[in-house]
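For the sequence shown, the residue numbers in my numbering are 1 to 335.
Some clues are possibly wrong.
To be verified - Straight-line Cα separation of at most 30 Å, DSS-like style, residue types lysine-lysine; simulated pairs:
#, residue 1, residue 2
1, LYS98, LYS40
2, LYS238, LYS55
3, LYS98, LYS23
4, LYS98, LYS127
5, LYS90, LYS55
6, LYS38, LYS55
7, LYS90, LYS40
8, LYS127, LYS21
9, LYS90, LYS23
10, LYS195, LYS238
11, LYS55, LYS195
12, LYS23, LYS127
13, LYS98, LYS21
14, LYS295, LYS257
15, LYS90, LYS21
16, LYS90, LYS127
17, LYS38, LYS90
18, LYS40, LYS127
19, LYS40, LYS55
20, LYS195, LYS257
What the hints assert, rightly or not - Each pair of labels, with its calculated beta carbon distance range:
#, residue 1, residue 2, range
21, THR111, GLU260, 24 to 34 Å
22, VAL304, SER128, 30 to 40 Å
23, TYR169, ARG230, 47 to 57 Å
Derived by calculation from the structure, the hints in this document are not laboratory data. All C-beta atoms, glycine included, are put in the ideal place defined by N, C-alpha and C.
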Amino acid sequence: MFGNTTIGIDLGTANILVYSKSKGIILNEPSVVALDTKSKQVLAIGQEAKEMIGKTPASIVAVRPMRDGVIADFDLTSGLLREIMRRITKESGTSFRKPNVVVCTPTGATTVERRAIQDAVQSMGAKSVVLIEEPVAAAIGADLPVDEPIANVIVDIGGGTSEIAIISYGGVVSSTSIRTGGDHIDDEIVQYIRKNYNVLIGEATAERVKMELGYAPIAHTEIHADIRGRDLLTGLPKTITVSSTEIQAAIEETLNKILEAIRTTLEQCPAELSGDIVDRGIVLSGGGSLIHGFKDWLIELIDVPVHMAPNPMESVAVGTGRSLEYIEKLNKTLK
Numbered sequence: 001m002f003g004n005t006t007i008g009i010d011l012g013t014a015n016i017l018v019y020s021k022s023k024g025i026i027l028n029e030p031s032v033v034a035l036d037t038k039s040k041q042v043l044a045i046g047q048e049a050k051e052m053i054g055k056t057p058a059s060i061v062a063v064r065p066m067r068d069g070v071i072a073d074f075d076l077t078s079g080l081l082r083e084i085m086r087r088i089t090k091e092s093g094t095s096f097r098k099p100n101v102v103v104c105t106p107t108g109a110t111t112v113e114r115r116a117i118q119d120a121v122q123s124m125g126a127k128s129v130v131l132i133e134e135p136v137a138a139a140i141g142a143d144l145p146v147d148e149p150i151a152n153v154i155v156d157i158g159g160g161t162s163e164i165a166i167i168s169y170g171g172v173v174s175s176t177s178i179r180t181g182g183d184h185i186d187d188e189i190v191q192y193i194r195k196n197y198n199v200l201i202g203e204a205t206a207e208r209v210k211m212e213l214g215y216a217p218i219a220h221t222e223i224h225a226d227i228r229g230r231d232l233l234t235g236l237p238k239t240i241t242v243s244s245t246e247i248q249a250a251i252e253e254t255l256n257k258i259l260e261a262i263r264t265t266l267e268q269c270p271a272e273l274s275g276d277i278v279d280r281g282i283v284l285s286g287g288g289s290l291i292h293g294f295k296d297w298l299i300e301l302i303d304v305p306v307h308m309a310p311n312p313m314e315s316v317a318v319g320t321g322r323s324l325e326y327i328e329k330l331n332k333t334l335k
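Go ahead and model the full structure; you've got the sequences and the hints to work with.
Next up, the structure:
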């Protein structure tokens, strides 16, 4: 049914990952495009473009074409995908001519948003495009037995969206998708520092602060870090010292939204599957789940076992690439 070259693409708000069956993850780059506003030419993509955010002259903009897990700028996303295909063909030396592509979409995506993703991938020269729901891909990538009639609960916290789903027999039994994720945590940090210190910091700095000082609402040994930004009163550069307790308070609201979504999904679970959840617990994937203490905080509050996926950042991409085997397997079973 599917040719030899099948690639899975995780079109994330923060990162784009490409997975091929023979080579595993062949590309992992930030979803950022640097564009010359005069000639509309793409100057750089990925890490190279990400380093330009907030540091370019007026004629060059570094933008993220994906917002909240869906396409915000169609032309840029198409350009980004074409450039990625060129890069993986060049680097791996393998020709991915007309590959079959599987792409994941957020569960809450509208028909129009799904169509846009399909068209963008088609425009890079794909032979066929199959869309798969993000939590299903994450569960497959986290090695959960999604094709069996038992409850698999996956919590996937990405850059733009958090997806919580209960999957059984290859399909989503109940799910919640909220447009809250790692990017929103970065925004909270930017706002907090602006409000309390009158200092403006950029996206990249906020992300670094989140990784170093971001803690879920649990007791921990306080740590400090120096942050550089622009003083809003004098307009001059300024260095401030911030503690992990402050950042913990700043991001608590966003983490509580994610907790609420997890509770809502578990409440919608059919009674027969509830027993499985108590035994098997839930699995965390996505970069957002790596916040310090997040797992322990969830265990305290929802009373079921919580496990980390083997490779949280790559689960969705790996699952997207592997999903075709599952789709075929399930089709056979259901027939």
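- prompt: Holds or violated: LYS98 with LYS23, Cα cutoff 30 Å?
  reply: Measuring from Cα to Cα gives roughly 18 Å; hence the hint holds.
query: Is LYS55 within 30 Å of LYS195, Cα to Cα?
result: This hinted pair holds, its Cα atoms lying about 23 Å apart.
Proposed proximity, LYS40 with LYS98 (alpha carbon, max 30 Å): Holds, at about 26 Å.
- request: Would you mind confirming whether the straight-line C-alpha gap from LYS90 to LYS21 stays at or under 30 Å?
  value: Judged against 30 Å, a Cα distance of about 18 Å means the pair holds.
- prompt: Between LYS40 and LYS127, does the CA-CA distance stay at or below 30 Å?
  reply: Answer holds: LYS40 to LYS127 is near 27 Å, not above 30 Å.
message: Check the hint pairing LYS90 with LYS40 against an upper bound of 30 Å on the C-alpha distance.
response: Given pair LYS90, LYS40 holds - Cα atoms ~24 Å apart, limit 30 Å.
Range agreement (Cβ of GLU260 with Cβ of THR111, hint 24 to 34 Å): Cβ of THR111 to Cβ of GLU260: about 27 Å, so the range 24 to 34 Å holds.
LYS98 paired with LYS21 [C-alpha distance capped at 30 Å]: Within the cut-off at roughly 16 Å; holds.
- prompt: Does the alpha-carbon distance linking LYS295 and LYS257 stay inside the 30 Å limit?
  reply: Distance ~15 Å between LYS295 and LYS257 Cα, so the pair holds.
message: So if I understand the rule, the pair passes when the alpha-carbon distance is 30 Å or less; does LYS90 with LYS55 pass?
response: Given that 30 Å is the threshold and the Cα spacing comes to 29 Å, the pair holds.
Given pair status - LYS23, LYS90, alpha carbons within 30 Å: Holds, at about 14 Å.
field: Proposed proximity, LYS127 with LYS23 (alpha carbon, max 30 Å)
entry: Status holds; Cα separation ~20 Å.
Checked against the numbered hints given earlier, the structure satisfies every one of them.
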